[in-house]
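Assembling the complex is the task here: the two chains are given apart, and the hints tell you how they should meet.
Chain order of the listed sequences is A and B. Numbering-wise (our numbering), the first sequence opens with residue 1 and increments by one. Numbering-wise (our numbering), the second sequence opens with residue 395 and increments by one.
There's no promise every hint is true.
30 Å max Cα-Cα, derived DSSO-like pairs, lysine-lysine [unchecked claim]:
#, chain 1, residue 1, chain 2, residue 2
1, A, 113, A, 374
2, A, 310, B, 428
3, B, 428, A, 186
4, A, 186, A, 352
5, A, 190, B, 428
6, A, 113, A, 313
7, A, 113, A, 310
8, A, 159, A, 310
9, A, 314, A, 159
Here chain B is said to cover these stretches of chain A; the calculated rule only asks that three of the stretch's residues, wherever they fall, bring their Cβ under 8 Å from a Cβ of chain B [what the hints assert, rightly or not]:
#, region
10, 121-129
11, 324-337
12, 340-354
13, 370-384
If you only want the chain A side, here are some residues facing chain B, beta carbon under 8 Å, derived [as the list claims (entries may be wrong)]:
#, residue
14, 153
15, 157
16, 249
17, 250
18, 251
19, 252
20, 253
21, 256
22, 390
No lab work stands behind these hints, which were simulated from the structure alone. This structure is a prediction, so every number in the text was calculated from the model and none was measured. Think of the CB as a built atom: it goes at the ideal place given N, C-alpha and C, for glycine as much as any other residue.
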Amino acid sequence: MRFTHSIVTAPATGMRRATSPHIRVGSRILLLPFVSGLNVATPPAQIPNKVAAKVPDSSTARNDPGKNIGPSLGTPRRHYAENAVELLNVSYDPTRELYREINAAFAAYWEGKAGAIVTIRQSHGGSGKQARAVLDGLEADVVTLALAYDVDEIARRGKLLAIDWQARLPFGSAPYTSTIVLLVRKGNPKRIRDWDDLVRPGITVITANPKTSGGARWNYLAAWGYALSRWGSESAAQDFVRRLYRNVPVLDVGARGATTTFVERGIGDVLITWENEALLAVKELGQARVEIISPSVSIVAEPPVAVVDKVAKKHGTEAVARAYLEFLYTDRGQEIAARNFYRPRSRQVEKKYARQFPTISLFTVGNVFGGWTKAQARHFADGGIFDQIYQPGR
Amino acid sequence: MPHRVLPGFGLTLGFTVLYLGLFVLIPLSTIFVKAAGLGWHGFWTTVTAPRVMAAYRLSFLCAFYAALVNAMFGFLVAWVLVRYSFPARRVADAIVDLPFALPTAVAGIAFATLYAENGWVGSRLIPFGVRVAYTQLGIVAVLTFIGLPFVVRTVQPVLANLEFEMEEAACSLGAGRWAAFTRVLLPRIWPALLTGFTLAFARAIGEYGSVLFIAGNMPMRTEIAPLLVMAKLDQFDFQGAAAISAGMLIVSFALLLAINALQGIGRRQKP
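In isolation and in its complexed conformation, chain B is listed as follows (with noise of 0.2 Å):
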């Protein structure tokens, strides 16, 4: 064993296999107990089913999008906070973490509010055609404003750390503003976007509270899976809950782990 030079280790690392063990890891198994009492073709049959199936895809995919989206204008905001001074910019950074102190229902409920038909937004899109609550657009739209500071707070440390002067040197060594944005600024964001990105995503995934209140919850279209699990306990079917429960947290995790993994290869490929 090689010698550390800071002392701790044993002590350190014990108390972080408690602190997931008790906090994450014995909660987490619970559900696995409880879905195991189906048996593996009971759990198969639950979690196949052509209802369950179509949640997991709607969760996952809105989730996703909402992601995507927080990633492209996060960034956006980003860089407006740490590269132009401007008048009540300290607002504006605050108003970021808006999102984590509302209580989320109060958002889906706010979200409803205004793009509902009748709404003060959803009237004005109504006549083009578009219509935000009770679709899988408004999903999307209230997972966007859940997840909006995530990006916005693992990208804005790493872009004001960022040396001007290495966009100056670039610049100075014939790359236009494009090739410099792409070829030396975008591979240093790379990985704090990817990880805004993924928090952004794997919190969206389990979003319940607010989705309710816009999703309008008809089955196959805009019925997202933590709802079904919640049907599933109103029948005081526990095991069929579990298993639905215990179906995403595998393809969350495994989401989770592909993406960091991806991270790493980025990395890897650092200069």
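Extracted from the complex, chain A is given alone in its bound form (with noise of 0.2 Å):
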């Protein structure tokens, strides 16, 4: 039971950001088989706290979650006590400080509400990659992705949930929103203002792929859907964003190389990027090097979140699971959540942090798009208006 709350209280906040890739992938491989070896074998008392410090960061795969969470390796679920349970919540990338505070504070919350132990396990990566995992087999109790295309996968292909799942939460299941921002070199030297800069001849643009990146998806609507409120017209919208690709001179796999594109190998004018990374990015780097210029108009990015019916319903954890995401719509979750840079729901906690979110006009891509499936199978899917972008010739 100590050893259960150490994982979810374990302190550590910035940290993982910092250390550079392969030194993570290095303490990984060390670390895993010492670890999950322990997990079995070892009285929880007896576990040093170093090593039960770096629990939840060893046990949260970067690239391929399966390789560690899997059911390949067949983790044991373990039930220290009749009321102790385990979840593990299928998240993408740049999640991870904001649910390991989550976590913490509702294990905090469900103990003195049900007097259950509840161990949160995190699984980051890619947020297709993630729902693929999840369709192999990963029980994820939970996901938290990043677009609600890829749960609708996991309900259409796996059918491990409803098909209606988003309408079983507020706003549509997404209890936190950002939008989509432009980063910048120190100063702006290159003048760069609103989404038009973009296309200046002479201007480069870093933004990953939309074809691998959930990420780099939204930023692509957000150029169309500012050049469609601009000029009105479908066609005006597409050869914008054929300007825009024009001046991308690298197509990172994801969001985070084409941050560290930008940032470490200090290429391209402007970065398109989630508000939450942006301004974590300014936080971590100070405002030395980055600035962060809001667009006049962007798209609400709504991450959303479901209770993975079927793995639920065989873990026996339909209730906490669902407790676990209505908290991340509490005062409480609101708030971690905007202290985490994605913007609250909340109004009063908004209000609170009105100064970091500033004011923008914004549009969901249910408006503009007429939702996440149609704009998947128009603009990204094979021979759609992205790949049109760079047919031979054009």
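In structure tokens form, the structure reads like this:
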């Protein structure tokens, strides 16, 4: 029981992001067999603090969750006591810090309310990859992914949850939102003010490949929606987006890779990115290197959350899984989301953090694109508009 | 059936078949089974889409160039390591294997950092108009790194086993240095060199992790075929991904078979 608790409350805030990727890979390889051995064999009380504190890091998979937590390794679900439960939250990349804080808060809340010890394990990776892992048998009690499309696919293909999952929680099952902003170099040397500036000749724009990155799909749709609202026609929007991608010299596979290209490699004049990532980058790099430009119009990014019915039922975790997601909507959860740079749904909390979230005229995927499934089919499927932008001769 | 001197043929063959089946044939056949779901027409339109064709061309050509570079310079390295003794030779020998040990993604990141426009090497190449990172040249560079040990390690033992007397005999019979090299040495090393080339080539075709970081991944220009497979998977298009993989497998297998045949011819011609 003590061990269970130490996972949840392990004090590890911004540490993880600061380490370089290869060091992290190394430590994961070294630690994992060691740690999983401990989990099974050693009495919890004997675990040295240092190791216990590292547990959440090593058990969260960055690239291939199946390898670490997947059923292939057969990590047993442990029940230390009658009233101890374990949840697996399969999430996407940038929510690492957010859920670390949420998990600790929820564990305390749940212990007080239901008298049960809950351990929440996290898995992170690209949103599409994570959805695929769940489809392939990663037993997630809850998923908290980057776009509704990925959860839709889990519902449609895997039939692991009801197809109308989005109606089960308020705000289309998206307890927090973000938006797409522009990150530029210190002092904004290229004078980038709005989306228009991204298509100027000579400006280099960094964004990931929308075919492989959920985050990059939001970027694309934000640019499209801006052009649509500005010129009012689909063809103008397509032309705008084409010109924008002509200024993109490198298409990274994931959003984090694009951030690295911009920040570490020093390539590009502007990075299109999630507001929460931009705020985090500014916080970690300091104001000295980059600054955020909020465009006049942008998209509301609504990362959805859902209980994976079939898995939760099998594990008997339906109630706690639902409570976990509902906790995100409480003042406490909203405050944590805001502190981790996600825009809260609660007006009160939003007011409190108003300085962090400037007013941008926002549109949703629903209004402009008719929902994710439609947007996916029209823009990002093979032969879709994004592919047409890259046809030879254009 | 001729009598065999060594016993155990049935057992060892049985094990070989089982081993190849479990670790190679069965996993690979699932790709074809999955791709078969598309039907012949669907398969064909998937693999002949312009973007996929461009990716195939890029993957195979870059792998070929990288293997070629490795064949030439790997031979040179093996030559130096075998024929000359110099301080730190053992260290140099050990360095050759490093590309095997390093996670390839790390190699990709290191190359991208060095060869980017603001990188230590990249910034010095820019005045000459040479861009490495985010071009096809960058892909060849990192694939060369990945395949480096193969040629060295296949050529080295053969070179070490060649009797020095043969060259001396050739020279005493009136062959010049160049003739001794091309007529006496090279024919004996040729099979090993070709094996090394093939290994490096095959390894480079499927390389994914390191290339992503340096390629830039621009559709039609620097997008490798394995990346398209990943892109298909991200759209939950499992059959399309399997089709592209199957296409790669077929071409790779044909190429490897052709190189092996070439090697067989080379062996038969050996005096």
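Here's how the hints hold up against the structure:
1. Between residue 113 of chain A and residue 374 of chain A the alpha-carbon distance is near 41 Å, which puts this suggested pair outside the 30 Å criterion.
2. For the hint pairing residue 310 of chain A with residue 428 of chain B, the CA-to-CA distance comes to about 26 Å; that is within 30 Å, so the pair holds.
3. This hinted pair does not check out: residue 428 of chain B and residue 186 of chain A have alpha carbons roughly 50 Å apart, beyond 30 Å.
4. As the CA atoms of residue 186 of chain A and residue 352 of chain A are separated by approximately 27 Å, the hinted pair is consistent with the 30 Å bound.
5. Proximity of residue 190 of chain A to residue 428 of chain B is assessed by CA-CA distance (about 49 Å); at most 30 Å being required, the pair is judged violated.
6. A threshold of 30 Å between alpha carbons decides the hint, and for residue 113 of chain A with residue 313 of chain A the separation of about 21 Å falls inside it, so the pair holds.
7. In summary, the hint linking residue 113 of chain A to residue 310 of chain A is supported, as the alpha carbons are separated by about 25 Å, within the 30 Å threshold.
8. Proposed proximity of residue 159 of chain A and residue 310 of chain A is supported: the alpha carbons are some 8 Å apart, at most 30 Å.
9. About 14 Å separates the Cα atoms of residue 314 of chain A and residue 159 of chain A, which keeps this hinted pair within 30 Å; it holds.
10. Counting residues of the region 121-129 of chain A whose CB lies closer than 8 Å to any CB of chain B gives 3, so the stated coverage by that chain holds, three being the minimum.
11. Counting residues of the region 324-337 of chain A whose beta carbon lies closer than 8 Å to any beta carbon of chain B gives 0, which falls below the threshold of three, so the coverage claim is violated.
12. Counting residues of the region 340-354 of chain A whose beta-carbon sits less than 8 Å from any beta-carbon of chain B gives 0, not enough to reach three: the coverage restraint is violated.
13. Check result for the region 370-384 of chain A against chain B: holds, 4 residues qualifying (beta carbon to beta carbon below 8 Å, three or more required).
14. Hint status for residue 153 of chain A relative to chain B: holds, with the closest Cβ pair at about 5 Å, below 8 Å.
15. Taking 8 Å as the C-beta contact cut-off toward chain B, the hint placing residue 157 of chain A at the interface holds, the least distance being around 7 Å.
16. A hinted interface residue such as residue 249 of chain A counts as satisfied when its beta carbon comes closer than 8 Å to some beta carbon of chain B; here the least separation is about 6 Å, so the hint holds.
17. Because the beta carbon of residue 250 of chain A sits about 4 Å from the nearest beta carbon in chain B, less than 8 Å, this interface hint is met.
18. The restraint placing residue 251 of chain A at the interface with chain B holds, with a minimum CB-CB distance near 4 Å, inside the 8 Å limit.
19. Given the 8 Å rule on beta carbons, the hint for residue 252 of chain A holds: about 7 Å separates it from the nearest Cβ of chain B.
20. Contact between residue 253 of chain A and chain B, as hinted, is supported at the beta carbon level, the nearest pair being about 6 Å apart and thus within 8 Å.
21. Interface hint at residue 256 of chain A: violated, since its Cβ lies 12 Å from the closest Cβ of chain B, which is beyond the 8 Å cut-off.
22. Satisfaction of the interface hint for residue 390 of chain A is found here, the shortest Cβ-Cβ separation to chain B being roughly 4 Å, below the 8 Å cut-off.
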